[in-house]
Amino acid sequence: MEKLLKIAASKGCRAEVFSTREKSLSMSKVNGAVSDVSASIESGVSLRILKDGKLGFAYTKNLIDREELVANALASLEAGVEALYDFPDTGSVSFFEDFDESVETLSFPELRKNIDRIENLYGEMKEGILQAAAGCGTTEIRIINTSGADLLQKESSVYSTGLMIYPGTSSGLRNVFAGKSTCEIFEPDVKRTVDNFYNSLPEVEIGDSRMKVLFPPDVMYALTWRLGVASSAKAFYEKVSPLLNKIDTQVISPLISFISDPSVGSMGRRVFDDEGVKTGRVPVFENGLFKKVYNNLDYASKMNTAPVGTGFRGGMWGGDKVSLSPAPSLSHATFSPGSKSFQEMLEMMDRGVIVYGALGAHSGNILNGDLSIGLNPGLYVENGKVVGRVKDAMMAGNIYEMLSKAIAVEKIPHYTGSMFDNPSILLEDISVVGS
Amino acid sequence: MLEKLKNMISGADADYLDIRYEVKKTTTISMAGSELKKAGSNSTDGYVVRALKDGGFSSVTVTREDDVPEAIMLAVQGASAMAGGGKNVSLEDVEPVQDYVEPDLKGDPAQVPLKEKIVLLKKYNDIMLSQPDIANTNMAYSEVDREKFFVSSQGTAVRERVCTVSIGGEVVARRGEITQNIRAAVGGANGMAALMGRDDVFLKRAKIARELLDADPVKGGTYDVVINPSLTGVFIHEAFGHFSEADIIEDNPPLRKKMAMGSKIGSDVVTIIADTLIPNQVGFYKYDDEGVPVKTIPLMVNGVLKGRLHSRRTAAEFGEPVTGHCVAQDHGYEPIVRMGTIYLEKGKMPLKELLKQMGDGLYLCDGKGGQTSGENFTFGAQYGYLVKDGEIQGMVRDINIMGNLFTTMKNIEAMDDTMKLSERGGCGKGQMNIKSGYGGPSVLIRSMVVGGV
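The listed protein sequences correspond, in order, to chains A and B. Our numbering applies: residue 980 is where the first sequence begins, and numbers increase by one. Our numbering applies: residue 2 is where the second sequence begins, and numbers increase by one.
Fair warning: there could be bad hints in the mix.
What the hints assert, rightly or not - Below 16 Å or equal to it, Euclidean Cα-Cα: the simulated EDC-like pairs (lysine to aspartate or glutamate) are:
| hint | chain 1 | residue 1 | chain 2 | residue 2 |
| --- | --- | --- | --- | --- |
| 1 | B | Lys39 | A | Glu1265 |
| 2 | A | Lys1225 | B | Glu178 |
| 3 | B | Lys347 | B | Asp269 |
| 4 | A | Lys1384 | A | Glu1407 |
| 5 | B | Lys357 | B | Asp390 |
| 6 | B | Lys39 | A | Glu1057 |
| 7 | A | Lys1218 | B | Glu148 |
| 8 | A | Lys1218 | B | Asp201 |
| 9 | A | Lys1281 | B | Glu36 |
| 10 | A | Lys1225 | A | Glu1265 |
| 11 | A | Lys1364 | A | Asp1174 |
| 12 | B | Lys25 | A | Glu1407 |
| 13 | A | Lys1218 | B | Glu178 |
| 14 | A | Lys1033 | A | Asp1065 |
| 15 | B | Lys349 | B | Asp269 |
| 16 | B | Lys220 | A | Asp1187 |
| 17 | B | Lys26 | A | Glu1047 |
| 18 | B | Lys116 | A | Glu1057 |
| 19 | B | Lys26 | A | Asp1299 |
| 20 | A | Lys1033 | B | Glu36 |
| 21 | B | Lys123 | B | Glu178 |
Claimed, not checked - Among chain A residues calculated to face chain B with C-beta under 8 Å, some are:
| hint | residue |
| --- | --- |
| 22 | Val1013 |
| 23 | Glu1021 |
| 24 | Asn1041 |
| 25 | Gly1059 |
| 26 | Asn1175 |
| 27 | Tyr1177 |
| 28 | Pro1181 |
| 29 | Glu1217 |
| 30 | Val1365 |
| 31 | Gly1367 |
| 32 | Asp1371 |
In case anyone wonders, no lab produced these hints; they're calculated from the structure. All C-beta atoms, glycine included, are put in the ideal place defined by N, C-alpha and C.
One chain only, chain A, in its complex shape (with noise of 0.2 Å):
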């Protein structure tokens, strides 16, 4: 890394150089079969140059000619991308709070025996399919650049998760449970996935008419995709956000804060961004107000503010972090936790859905915070009851109106994978369309 660093710095330029190096297992079975297994080393190099005000960018997975690289870079600079900024000092960081070494010697028996646990847990299936799943992984980043910043972060994680899916279908519900070094599985998130998914059998047609929805972690993203791409430097850069001229204005229902800090959680901590600026607390929304643009160093340089740490390879569907751009990312931000447990928000519905699978969430006009989607599986709640499961609905909305409808938040926030952790959230009044 240091000699490609020195390769560009030689030809002129201010230089950054990011790399990576991942390796996984994973294994699955579908009623008690084993169904996959499969494993993955991957490694890359990317490299961003400035120069005279621009900006070149080149990667590779295999860094064997390092002077090939730097002249991909300078071909990419000879385009003029305009690069108004200069890659931070972060000084020297090597984080590795959230690596355990052991996991790198996991394999695929120890998979199976996490597996199996989980497949205890759920039982027996009365009806339907159990799909489970286990696997393992590390992950190491490192960012040097031409400021004098040398960043390295090693992570590890093992994970399990159980699907119930319902009869005749490839719907169901869902768990996930990760650590640093061994799974921790938390039996009543098990017990309340099975007692829903049974009570839910049943499929039951709604009609048209309006309700209260409730929100878990898992289908938080569809939701925060939508408050994300308008609170982005970039939206407000373009002038085509709906939140402009917004700033310390109530939008959405006190209950609600929104706040982005990659630098606590769960899983999937970062100290600094995929640029190298360290990370921090970033409340995009807290109690209801608009209160923060988030950015990367581009746009940053462009509205003439300070970095705020999410600038961020891969966007909504992930994506090779090594072949992506940094762009400004909320891909760390949860909604805070509020006072209600999840049994308390139930009761609270007479009548309403509770979406697990959102169908569609990316169609229909993001930036605008429109939302359409199909309930997949959406639970059916009757006077604070889980009696069956919703058939061929949708709900639809605009989130700001949506989230300015919130009832209540749940107090203990889930770890759901891509969505680290969140806590439930119930709305009221929303329009709901079944057959």
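Mind docking chain B on chain A? Use the hints.
Same frame as chain A, now just chain B:
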């Protein structure tokens, strides 16, 4: 390279082994509004190893040649871990092939300088930005040029290059507090020719984005709808196509029963074909990522299920013929069952007559993505129109539709006499497939649930 791969897998302790090496060259140019955001060409490579041993099957991806021996070891270990407690996997027999396939390109993008590509992207971008009420664009030129080398322990050795290009993105219109966006794209798998002289496409998309500012949100409810060819493509892909992928239903006995060959799934007018060999289409390839030659498969004929898309593994599991539809995003992924080009056959009446047959309802245009889960699916329309007595009325927006495969396929009543295939693909079934082509005519479907906003 093929010889080198043969040597890499020789002597491994497995019943079957294959290795795919791939060099992926990409050129990406992106613009946000009038600003160039990214421009450059890059090349990555990597290996995918798969092993079958004692009925266990496993795959490993690695990026460095030095890691290939560890990949082979892990693949064999994984297969062993699956054996005796998992599915008893076998691979359907295929004739070994040796071949080298170059695409038929009308203007090889690899020979076009980066600067010329930037000029072309800027031209289309400027066309849209110069229209009234257009506040922004997010547009990109994308070129993905994959050279794949596949070798199996059964004697197959195939090298194939597939090259996909597109210019596309979104155009954003804004007036006061109202913001609307719409997608625009041109492209294909036959070189630069697909991208040239397309000013009219981008001009029309900007015009529609502007018109959406005055459109009303559609009211949620159940409607009869006519969907245009672009939306038909998304509908067929989401509502039916994924169900024709054997791995989707493989572990779900009730769905396998419903999707048994010979089952009457659709109405009498529905015929659906998977034809990845249509020349110049975005989905075109000759060999899949198991080295199997792709075949044209009638999936449904007059509503009756006639075929299914397979990998070698699923073909053996179902006892059905291999089809050559086991495809990976790139060298970072194991291949899975994917659609290439899939389309609904056209009918005989003009669109006007189709709308007349519908009477009251919605005429919905252009796909905005979709998703499927089990037998349920959703897909979005970028815009639409109210229809009264067969006559098109005002524009509507914010349209998402949900349906059930088995109900909806029987509610298809008629098609018009047009046929259009997509120019750009993009399906995220665990991994992205930019070669998922689809299309069809305009289609009348009764009783669809529309979400609205």
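Problem - Satisfaction of hint between B:Asp201 and A:Lys1218, Cα-Cα up to 16 Å - result: This hinted pair is violated, its Cα atoms lying about 27 Å apart.
Problem - 16 Å Cα cutoff - pair A:Lys1033, A:Asp1065 - result: With a Cα-Cα distance of about 11 Å, the restraint between A:Lys1033 and A:Asp1065 holds, given a limit of 16 Å.
Handout entry: A:Lys1218 paired with B:Glu178 [C-alpha distance capped at 16 Å]
Key = holds, 11 Å
Practice task
Quickly compare the C-alpha distance for B:Lys357 and B:Asp390 to 16 Å and report which way the hint goes.
Solution key: holds, 6 Å
Problem - Restraint satisfaction for A:Asn1175 [CB to CB of chain B, less than 8 Å] - result: violated, 17 Å
Practice task
Please work out if A:Lys1364 and A:Asp1174 have their alpha carbons no farther apart than 16 Å.
Solution key: holds, 11 Å
Practice task
With a cut-off of 16 Å on the C-alpha distance, tell me whether B:Lys220 and A:Asp1187 pass.
Solution key: holds, 11 Å
Practice task
Starting from B:Lys349, check that the Cα of B:Asp269 is at most 16 Å away, please.
Solution key: holds, 14 Å
Practice task
Identify whether the interface hint at A:Pro1181 stands, where standing means a beta carbon of chain B within less than 8 Å of its own.
Solution key: At 16 Å from the nearest chain B Cβ, A:Pro1181 fails the 8 Å test, so the hint is violated.
Exercise for the section: Let me know if the C-beta of A:Tyr1177 comes in closer than 8 Å to any C-beta of chain B, holds or violated. Expected result: At 17 Å from the nearest chain B Cβ, A:Tyr1177 fails the 8 Å test, so the hint is violated.
Problem - Given hint A:Glu1265 paired with B:Lys39 - CA-CA distance at most 16 Å - result: Status violated; Cα separation ~34 Å.
Handout entry: A:Val1013 as an interface hint toward chain B, with CB separation required under 8 Å
Key = holds, 3 Å
The structure shown violates the earlier hints numbered 1, 7, 8, 12, 21, 26, 27, 28, 30, 31.
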